[in-house]
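Visitor: Sequence lines, in order, name chains A and B.
So in this note's numbering, spot 271 of the first sequence is number 271, and the numbers just go up one at a time.
In this note's numbering, each residue carries its 1-based index in the second sequence increased by 1000.
Rather than coming from a laboratory, the hints here were simulated on the basis of the structure.
In this text the structure is predicted, and so the values were computed from the model without any measurement.
Backbone N, C-alpha and C fix where the C-beta goes; we use that ideal spot for every residue, glycine too.
Mixed in with the good hints there might be a few duds.
Simulated DEER-style distance windows between Cβ atoms [claimed, not checked]: (1) Leu1094(B) - Gly410(A): 46 to 54 Å; (2) Leu1094(B) - Asp11(A): 52 to 60 Å; (3) Asp1089(B) - His479(A): 37 to 45 Å; (4) Gly1030(B) - Gly410(A): 20 to 28 Å; (5) Glu1071(B) - Ser251(A): 23 to 31 Å; (6) Phe47(A) - Gly1030(B): 38 to 46 Å.
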Amino acid sequence: MGNDTGLQRGDMTGAKALWATLANHGITTVFGYPGGAIMPVYDALTFYPEVRHVLTRHEQGAAHAAEGWAKATGEIGVCMATSGPGATNLVTGLADAMLDSVPLLAITGNVARHLMGTDAFQEADITGITLPITKHNYVVREVEDLPRIIAEAIRIARSGRPGPVLVDIPKDIQLAAFHGEIPAPHARPEIPAPAPEAIERARDMLSGAKKPVMMVGGGALDAAPEITALARAWDIPVITTLMGLGAFPSSDPLWLGMPGMHGSVAANRAISEADVLLGIGLRFDDRVTGRVNGFAPGAAIIHIELDAAEIGKIIRTHVPVRGDAKVAARLLTEGARPIQTAEWRATLAEWTSRTETPGKWGAGYAVKAVVDRLSENDILSSDVGQHQMLAAQLARFEKPRRWINSGGLGTMGFGFPAAIGAGMAEPGVRSVVIAGDGGFQMTAQELATLKMYDIRNVKICVVNNSFLGMVRQWQEMFHEKRYSEVWLGDSNPDFLKLADAYDVPGYRATNAEELPAAIDAWLADPKSALLEVVVPHEHGVFPMVPAGAALYEMIETEPGRTPDLHDAMDKAAEEAKNA
Amino acid sequence: MSHTPPIDQLLSILVRDEPRVLTRITALFGRRGYNIRSLSVGNTEHPGISRMTIVVSGDRGVVEQAIKQLEKLHDVIKIIDHSLEKFVDRELVLVKVAITPESRVEVRQIAEDFRSRIVDVGRHALTFEVTGDEGKLTAFIEQMRPFGILETMRTGRIALTRGSNADIPAHVYHEGETETLRPVVEGIEAREERARGVPNLF
């Protein structure tokens, strides 16, 4: 294939134009995995030492690592794969990035143009497949368009509400001679300033409030200083969503915690009782709102949001403010008027004081012990499940972009590769991931990536309850304890041996007494290391708003249980035998 | 979101004429559960830009959400919401009607009343072409139904705003003035220019 064009090694090809364009855009790291249809790009990579390629062990790992990079830095993450199976392995990461508004550039190889559409070897219609889960996607049809398309893709991914963009490059285009210019990056487009009338109406609405509350989402992370100033100027209590954790300092007395399904008592009650709710940079996900017609039933809603389609999509909005959260918060701060909220604050203080501290040994205890040991500079990632909700409830964030998790798609297997990406983006910072025994095994092969690049700042904590804990909790509560296909214990690996196989040091704690020393040794290890915390099998995450219920129908503490797990398992085994 | 009874609403959408654009638009409607009653696509006076007329069936909230989601697509250049301004719309239908020696004259007479043209004459059937608004086409089909309709094909509605574009308030064109087309047209021209100047090895 390589000689098809008769080009000399020094000649500019489509593949080289790709790397030159990425380098021109300040892309320093690409996570990927080679294959037949992207070989010319990997060949050309050898001429561009200024771009580092990180070989993951699965394309899904590459996509999540790029997301981790993007979530930690706010800059675009880049991942790469070959055609067909390589490209389809990126799909989960693209869907994840779409729902969490992560700027991501995915580059895939494809079969040569004359083979496209013929069901050729390793051919998949990846632009068709990813159409609903990307902000935009391209097939490059002429080599001269390649750098322009890459520049445009980067602009689209980063502009407005960020998101993933995929560029599919047929193999013959990668090999073709390129004679055009390598474009400079597009200037960042101006974000529209909110309409002055909208700001004025918001100000009026807030000045009349007796029980105001602010709810801040992931779209406002980069407006954290402005939002903090706004809340303090008006004396408005603040709730940060799962994606917005860190947009407001947890240490501030105005902070009420996280809302929604596993939100705090104070946050959910505040929403249910509020007379004015100021939402900034969020999309009212169903995990946040609970039953929509029971959400903030007495509140006038002000919604500051860049994406016009999110305003009024789920929740009726009384004052829509379209525009940049930074600018809107600044404008609202300027016009701050004194409002009387003393009574409201007193009520909230009573609710806040009910925040539970997990007393007895269990997953919550373990997660709290870990997150209490972290500093405000550490990046904390989580996988998806009970440990994720526990970490979100118990960790404290003083600044944005220190909390990385899969919010919208809820992707098991996300946490560990994302922590690698974040750790590579900020090598001087500790990148800690809390995972469960289920999710960690979905991408555990990325231990090899730690070893290969001698990454030293990634700390993996596997909270092992031998169950798919969140599913088990739902089965316990809503399916009469029929624990269907959620028991992992008998087949789990020895996680320390697994880590050791990749030269990653391992530590273990099985009870509260062992835990502090194990955490200390794990964090103090000069290398990336794994800590397994073995916790009791049955443990729920509370408070909890059952799916379909309103926030005020929250179950605040774990209901009394009869621990008959083993009875249930024996029964299931008996039934299986008889079947 | 307000929930009023579903009505048919007309949108005109100017899009880049590139592969998969139609899929992108219809997939958006499909995924979000908006019902397309009719869809027609054709070229515009600008090379590289196509125009779609989509009839969405839904309440105002659905249409507003559809417009906002469409506006986020890179391929969408401009959306015209015809519910905001007076418009003209037309549809074309081909109707093949069964005839007998006894009914022939009467069928032709009805067609004449509708200013319909005969486009094909067979021994046992006549095929008519009718243009007009939806009501007229429906009335025509209903008039012909007793004679026996063998086949029909409708093109779907197409629409233009009344008056010159300069008369039309900016809020009808969601992007503001008609000038929004200019950079896109220039971009397409520049690309074609460049493509002509560069030898293509494949």
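Visitor: Taking the hints in turn, state whether each one holds.
Guide: Going down the list of hints, with the structure as the test:
1. Leu1094(B) - Gly410(A): 46 to 54 Å: holds (51 Å)
2. Leu1094(B) - Asp11(A): 52 to 60 Å: Once the Cβ atoms are compared, 56 Å apart, the range 52 to 60 Å for Asp11(A) and Leu1094(B) holds.
3. Asp1089(B) - His479(A): 37 to 45 Å: violated (53 Å)
4. Gly1030(B) - Gly410(A): 20 to 28 Å: holds (24 Å)
5. Glu1071(B) - Ser251(A): 23 to 31 Å: violated (40 Å)
6. Phe47(A) - Gly1030(B): 38 to 46 Å: Hint holds: Cβ distance 44 Å, inside 38 to 46 Å.
Going through the hint list in order, the structure does not satisfy hints 3 and 5.
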